[in-house]
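Chemist: The whole structure should be built from the sequences, with the hints applied where relevant.
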Amino acid sequence: MRRGAEAIFCSIPARIGILGNPSDGYNGQCISSLARNWRARCILTPHENRWDFSLKITCGDEKLECKSLSDLAENPPELGDDGLSRLVLGALIHFQEDCVASGLAIEASGFQLELDTDIPRQVGLAGSSAVITAVIRCMLTHHGLGTALPPHAVADMVLKVETDRLNIHGGLQDRLPQAYNRMLHMDFREELMIGRGWGAYSHMEESLLPKMWLAHGGVGQESGKVHADMPRRWAEQEPVMVRVINELAWCAHRGKEALLAGDMAALSSEINRNFDLRTELFGEEALGENLTLVNLARELGSCAKQPGSGGAIIGIIPDDDFMERAEPAFAEHGWNLVALEM
Numbered sequence: 004m005r006r007g008a009e010a011i012f013c014s015i016p017a018r019i020g021i022l023g024n025p026s027d028g029y030n031g032q033c034i035s036s037l038a039r040n041w042r043a044r045c046i047l048t049p050h051e052n053r054w055d056f057s058l059k060i061t062c063g064d065e066k067l068e069c070k071s072l073s074d075l076a077e078n079p080p081e082l083g084d085d086g087l088s089r090l091v092l093g094a095l096i097h098f099q100e101d102c103v104a105s106g107l108a109i110e111a112s113g114f115q116l117e118l119d120t121d122i123p124r125q126v127g128l129a130g131s132s133a134v135i136t137a138v139i140r141c142m143l144t145h146h147g148l149g150t151a152l153p154p155h156a157v158a159d160m161v162l163k164v165e166t167d168r169l170n171i172h173g174g175l176q177d178r179l180p181q182a183y184n185r186m187l188h189m190d191f192r193e194e195l196m197i198g199r200g201w202g203a204y205s206h207m208e209e210s211l212l213p214k215m216w217l218a219h220g221g222v223g224q225e226s227g228k229v230h231a232d233m234p235r236r237w238a239e240q241e242p243v244m245v246r247v248i249n250e251l252a253w254c255a256h257r258g259k260e261a262l263l264a265g266d267m268a269a270l271s272s273e274i275n276r277n278f279d280l281r282t283e284l285f286g287e288e289a290l291g292e293n294l295t296l297v298n299l300a301r302e303l304g305s306c307a308k309q310p311g312s313g314g315a316i317i318g319i320i321p322d323d324d325f326m327e328r329a330e331p332a333f334a335e336h337g338w339n340l341v342a343l344e345m
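Under the numbering used here, the sequence shown has 38 at position 35, and the numbering climbs by one with no breaks.
Quick caveat, the hints were computed from the structure, so don't treat them as lab data. Careful: at least some of the hints might be erroneous.
[Claimed, not checked] With a straight-line cut-off of 20 Å between C-alpha atoms, the simulated SDA-like cross-links for lysine to any residue are: (1) K163 / G200; (2) K214 / E344; (3) K59 / N30; (4) K163 / P80.
[Stated by the list, open to error] DEER-style ranges, computed between Cβ atoms: (5) G147 / G221: 47 to 53 Å; (6) E287 / T150: 42 to 48 Å; (7) R236 / E208: 48 to 54 Å; (8) S105 / R246: 40 to 46 Å; (9) G221 / G198: 40 to 46 Å; (10) R246 / L195: 20 to 26 Å; (11) T150 / E81: 41 to 47 Å; (12) P80 / D119: 16 to 22 Å; (13) D121 / N184: 16 to 22 Å; (14) A342 / G86: 28 to 34 Å; (15) K66 / D121: 37 to 43 Å.
Positions of the beta carbon are idealized from the N, C-alpha and C atoms, including for glycine.
Modeler: This is the structure:
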């Protein structure tokens, strides 16, 4: 369906892993929600001339031009290891090869694409997934597919961009809440993942959540590097990893029950347990400053854990004075503290 020069807009929030991570890559369970404090935004404006197939791409301060989407896929540039353009180009190339060249989507005109994001980089908020999801959503609309694909299929496409195109390794849960635009409980048990290719994803109302905070430092480490040794450990059925992954999945299961029952004390306990299990899995040295800041948050009266694999931690706001006393304490470490918009 031709949209002329009408701009197509998509905004995808950051993601926080509340419980269960990183069991999602190993047949576990997770609860994840959206942090609407930060977003990746994509604007795609089709050319007025239907037969103008050229692309003009703006990613922050980067500006790129291509003859066409098919030319981009046939003559892909070096995508490198960093930068917004890497994510955008990887998404465009994958869409051309997986959707247009395969016949799933009809060929469309060229366009101007603008992408910007304020999601803190590499601190465990699924910033790369948000960028790629925003681009894929705009491309689906531009090529007449709109909401034809179910959310789990969109999430799978984003995952393939990250893993197949960009060599970004991570779990399964990052892009699912972004694709569904909802907080989800996700069950990745083996019989589902092998039998049909996706798990059991149930919506949960954000209103069930208590008021929460997030603190983050500067640019962290790419999650793929943090998780690099996990597939080998799982393939070898390392006893510590098998036990911890199973217990992490139970954290998410019990956390779901706590949320539905409104039992915030039980939820706090599971959040703390999740981080303690993660410490067993990766070791204190690998957690670095995250461990220091989690201990600080606990001393200040809150539960705390990482929302992903980077330099951020989350917790429940325990009382009306927490933010006032915690903000300067985190600032001493160079970390920013915010109340989450769920």
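Chemist: Each hint should be assessed against the structure and marked as holding or not.
Modeler: A quick look at each hint next to the structure:
1. K163 / G200: Satisfied, since the Cα-Cα distance of roughly 13 Å is no more than 20 Å.
2. K214 / E344: 9 Å, holds
3. K59 / N30: Violated - the C-alpha atoms of N30 and K59 are around 41 Å apart, more than 20 Å.
4. K163 / P80: 18 Å, holds
5. G147 / G221: 47 to 53 Å: About 42 Å separates the Cβ atoms of G147 and G221, which means 47 to 53 Å is violated.
6. E287 / T150: 42 to 48 Å: 45 Å, holds
7. R236 / E208: 48 to 54 Å: 36 Å, violated
8. S105 / R246: 40 to 46 Å: With Cβ atoms ~42 Å apart, the hint holds.
9. G221 / G198: 40 to 46 Å: 42 Å, holds
10. R246 / L195: 20 to 26 Å: About 22 Å separates the Cβ atoms of R246 and L195, which means 20 to 26 Å holds.
11. T150 / E81: 41 to 47 Å: 34 Å, violated
12. P80 / D119: 16 to 22 Å: 21 Å, holds
13. D121 / N184: 16 to 22 Å: Holds, at about 18 Å.
14. A342 / G86: 28 to 34 Å: 30 Å Cβ-Cβ, so the 28 to 34 Å window holds.
15. K66 / D121: 37 to 43 Å: 19 Å, violated
Comparing the model with each earlier hint shows violations of hints 3, 5, 7, 11 and 15; every other hint is respected.
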